[in-house]
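Asks: Sequence:
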Amino acid sequence: MSQLFKYVPLAAMAIAVPACAAAAARPAPSRSDVLPFNATEKQLPNGLKVIVVPTGFPNLVSVTIPVQTGSRNEVEPGKSGFAHFFEHMMFRGTKAYPPEKYQDIITKAGARQNAYTSDDLTNYYTTFARQDLETVLKVEADRFQHLDYSEAAFKTESRAVLGEYNKNSANPMQKLFEAQRDAAFNTHTYKHTTMGFLKDIEDMPNQYAYSKTFFDRWYRPERTTIIIAGDVDPKSAIALVEKYWSGWKRGSYKVAVPAEPAPQGAQYRHVNWPSPTLPLVTVAFRAPAFSDTNKDQAALSMLLSLSFGRTSPLYKRLVQDEQKVDQLFDYTPARVDPSLVTIGARVKKPEDALYVRNAILETVARLHDTPVTRQALEEAQSSEKYGLIRTLDNTDTVASTLASYVHYDRSYGTINRYYRLIDTLTPADLQAAARKYLVDASMVVTTLSHEALPVGIDALPKLADMAPKAGDARFDLLVQKTALPQIRFKLLFEAGSSQDPAGKEGLAALTAAMVARAGSSERKYDEVTKALFPIAGGFFDSTDKEMTTFTGTIHRDNWNQFLDVALPQLLTPGFREDDFRRLKDAQKNALVLDLKDNNEEEFGKERLQANIFAGTPYGHPVLGTVKGIESITLDDVRQFYRQAYAQGALHVGISGDVTPEMTAQLKTRLAGLPEGAGLPRIARPQGRKPQGLEVEIIEKNTRATAISFGLPIEVNRAHPDFPALWLAKTWLGEHRASNSYLYQRIRELRGMNYGDYAYIEAFPRGMFGFFPSPNLGRKSQIFEVWIRPVAPQNAHMALRIALTELGKLIDKGLSEEQFAATRDYLMKNVFVMTATQDAQLGYALDSQWYHTPEFTQMMRDGLSKLTAADVNAAMRKHLSAQNLSVVFITRDAAGLKDKLLSDAFSPITYDATKPQALLDEDKAIGAMKLGIRPEAVKITPAAQAFAQ
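The numbering of the sequence shown is our numbering, which starts it at 243 and goes up by one.
Don't read these hints as lab results, they were simulated from the structure.
Everything numeric in this text was worked out from a predicted model, so none of it was measured.
Beta carbons: idealized from backbone N, C-alpha and C, even for Gly.
Be aware that a few hints might be false.
Claimed, not checked - Think about it this way: if two alpha-carbon atoms lie no more than 35 Å apart in a straight line, the pair counts; the simulated DSBU-like pairs of lysine-lysine are:
1. Lys723 - Lys704
2. Lys350 - Lys1119
3. Lys1119 - Lys1054
Claimed, not checked - Label-pair distances were calculated between CB atoms; the ranges are:
4. His388 - Pro500: 26 to 34 Å
5. Asn301 - Tyr510: 48 to 56 Å
6. Tyr510 - Ala925: 54 to 62 Å
7. Asp1053 - Leu440: 39 to 47 Å
8. Lys496 - Gln803: 52 to 60 Å
9. Ala856 - Phe1010: 23 to 31 Å
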C-alpha cells in the first residue's frame, strides 16, 4: 500500500481559509493550467474541505479522501508505522456498517477501492457507478466519524501488517532506503519509512488503546479533504457531503514534529544482503520542502531529472555505452518538511561499484559550475507538462493526481500553481539549487551487496575534488475516436515466447526490446530518447506467450514529430552490438534477480504456469531461461524480427482525437513492414492435468512462504463458459479485492497473510496493479489460486484452508444471493476494469484476436444470461480441489515436504481471541488428509529453476 519510488510532487504550503465559505466555482481554466476542469470548492463550518471536479467522463465517479497524517506525524517512541497500520484499520467497519455490510455496499456499487499511506498523508479512494454517489458518501462518512473495531480484530490486522512487511523484505532497495533514512535523520520522523521500524510493527498487537487515541487525534475534518471527480453535479454533490459529514466534530490535538538539525558531514552506510543480488549504490542529499511559490524544490527536482534521467549523458555512458549498470535513476519526492533526494544505480559487477559512485559524484560536482542549457530546460519543462497531461485519461487518475497535490493546503489550484512555477524556472535557478543543496555536509552514500565491494568505497571524497579538470498495408486499423488530445496506438503482432526456438528461450522478448529500446538505423537509442523527451512521447514494448505489442503515445500537437522518431525503431531497427549486450544482460537480470531472487510471489506463479505447460510452447517464462538467454545471438534477433513482424501478423488500433490524416499516415508508414503471414501460429497447448496433488517446493532463502496452485482449463474468452468461471473466480478471490471469499477466510478472519486471490486468466505482474494489462491473449489458460506469503509454520494449514474452501465452492456451489451480488458487481465493475484509454484500446484488439464481441458488451451480455445453476455447473465441469499442481517457495523445503507427506495435523495460533466455531473449524481443517504421494513431491533449489 505504501509506495517508495513513485514520483509525486506534493503541496506543502498551508493557506489560511475562512472557517466557513460558500461553494465557489473556480474561474474558467487558463490554457496554462494542467488540470483543465471547472472545479467547485467549499469549506464546511467544521473545517472539512470539499472539491468537486466534473471531468466529462461518463458513468463513473471517484471519491478520494486525503487525510493530513502520515509517518511524519509518528513522533512518539514505539509508534512508528502507525499511520500505515491505521490505514488498514479504517476498513474494519462501524456499528452501523460492520465490515461485511460495508463491503456488500461497495460491491453492489461495482466499485474498486483501496488506500495508501506515505510520509505525509493517508489517502482513501473509491471509483464506482455515478448513481451510487450518495451511498458511498454516506458509508464513508460513517467510518470516518464512527469507526468501531474489537481488540481481536485489531490484533488480527496487526498480523496482516506484519505480513506486508514480510512481503517487502525480499526487496533490497527497501532495505537500502531504510538504512539511508536512518543515517540521514536523527530527530525528524522521516528517520523511519512509512512501514515503520520492525520492532514497532511486531509490538502493534499490544497497542489497541493507542489506536483509539490515534483515530481521535488525526481523523478530524480540519485535516481532511473530500475530492469528488467524474460524472457529477457540484451542487448536488456538496449537498450530500453537507448532509452526511457536517456533524463531524473538529479536533484540538496539535503536535510539533521535531525539526532536523543542519547536517554535520557526509556519511556512509552499507547493507549486507544475505543472498546473491546485484550491488546498489545511492547518493542522497538533504532537499527542501515542497512549495508552489518558492522555486528551490522544483528546481532541484528538474535538475536531477536532467542530470541522471534517461536523456542524460551519464545514463548514456553508464547504461548504454559502458554497460556497467542496468539501472540509473533519480528519486525526488516532495514532502512537507525537508527530506532527501536520491541518485541511484544498480551495478552489474561488484568491482565497478566504486567507479559508478565516483561517476555520480563527478556529475554532481559539475552541476555547481556548469548550468544546464536553456534548450534542455525548455524541453524538460515541456515533457513535465505533457507527461502529466497524457495520464489524465480517466476519472480515477484525475482524482488521485489531484489528491497528491491537494492534501497539504487543501486547494484545487496547487497543482496548477506548481506547474506554472516550473514554467518560470531558469538555468540559473537550477544551478543555485545545486550549490545550495548538493553539498558535502548533507551527503549520504549508501551501498548494498552480497559480495565484497572495492576497497575505498567507504571513504567519501569532497565534491570539489570530483569536479572535472580542464582537458578531461495489409492489415486493418481499428479507430476509437474520442475527445482526448493524447493519441495512443497499439501495434499487436501475433508472435510471442511460445514461438521461441528450442534452446533460444527468451528470443521473442529480447527481439521486442531491441526494437523499442535500442534505437533505429538513423538514431541511436539515446538520440531517440532525447528527441522524445520534450514532447513526452512514449514507445513501449510488451511480450507475452502469443502476442508482442508496441504501444505509442503522444499528444496530438506532436504527432508528426513523434512518427518520425518512434516508428523507424520498428521499421528500420538499429540492432547494434552494444545495445544487444545491454538488453541481453537486462533480460537475464530481470529473470534471475527481479523475478527469482526478489519476488517470491511472481516467481511462484510463473513456476506454476511452467509446470502445468511443461513440454509445450508455454513451458518457459516469457523472459526465457538462463541458458536460453545466454545462447541468443544478435543474428538470432535479426532473423526472428524478419520472420515475426510481418503485415499479416499485425493488428493495429488507435485512439484519441484522431483525424483521417493521422490514420492514413500510420497505415502508410506501417506498409513498410514485410508482407506475409509472419511466424506459424501455434496449436492450442495442452496443459498437463494433475493426478491428485502434485507439489514442487522451491528452496529459497526467504522469510515467508509463497503458495500458488492450479490446473489447466479449456476455457478462454472465446469459450461459452468464460462469463460463468469469471463470476466464480470473482466470488472466490477477486484480485486485490477485500470482499472476496478467500481473502475473508484466510486474511481477514485469520490474519495469516496479505491477501488471497483466484484467476482464470494469466495475470503476470499482478502484485503491481488492480487489473491485468491488455494484450495477454492466450489460447490456453489455467485456473489458479494465489496465496500471498504466510509464515512458514502456517504454509501447510494455508493450503488446507484454501483447498477446503475451494472444495466447498465446487461441491455446494454459489447460492442465489451470492450469485446475484457477484453478477451485479461485475456488471458495473467491467466499466471500471476498462476505464483507461490503454485498456479500452487493448481490450478491443484482444477481442479481434479471440474473435469475440467488444469485451464489456460480451461480458455484460454473458453475465445477464447466466444463472446460478450455470455457474455451479461450469465449476463442477472445469475445476477441482483434488487434482492440482502446487508450488511452494520456502526456506525449509525438506521440513515442509515431511509435513505434506506425513499428513500431520496443522496447528495454528492467534494473537487475538477467536470464536470457538473458528477454532473447531481449524481443528477439522488441520486434520484434513491431503493424500499426497511421495513421488508427487519434488524439491528444487531456486538456482535451478528456469536455468534451462
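Asks: All hints are to be evaluated individually against the structure, with a verdict given for each.
Replies: Right, here's what the structure says about each hint:
With a C-alpha separation of about 57 Å, the suggested pairing of Lys723 with Lys704 is violated against the 35 Å cut-off. For the suggested pair Lys350 and Lys1119, the alpha carbons sit about 28 Å apart, so the restraint of at most 35 Å is met. At most 35 Å may separate the alpha-carbon atoms for a hinted pair to count; Lys1119 and Lys1054 meet this at roughly 13 Å. The beta-carbon spacing between His388 and Pro500, approximately 33 Å, falls within the hinted interval of 26 to 34 Å.
Judged by the Cβ atoms, the range 48 to 56 Å given for Asn301 and Tyr510 holds: they are separated by roughly 55 Å. With their beta carbons about 58 Å apart, Tyr510 and Ala925 fall inside the hinted range of 54 to 62 Å. Taken as a hint, the range 39 to 47 Å holds for the pair Asp1053 and Leu440, whose Cβ atoms sit roughly 42 Å apart. Against the hinted window of 52 to 60 Å, the Cβ-Cβ separation of Lys496 and Gln803 comes to about 53 Å, which satisfies the hint.
Separated by about 26 Å at the C-beta atoms, Ala856 and Phe1010 satisfy the suggested range of 23 to 31 Å.
Hint check: a violation occurs at hint 1 only; the rest are consistent with the structure.
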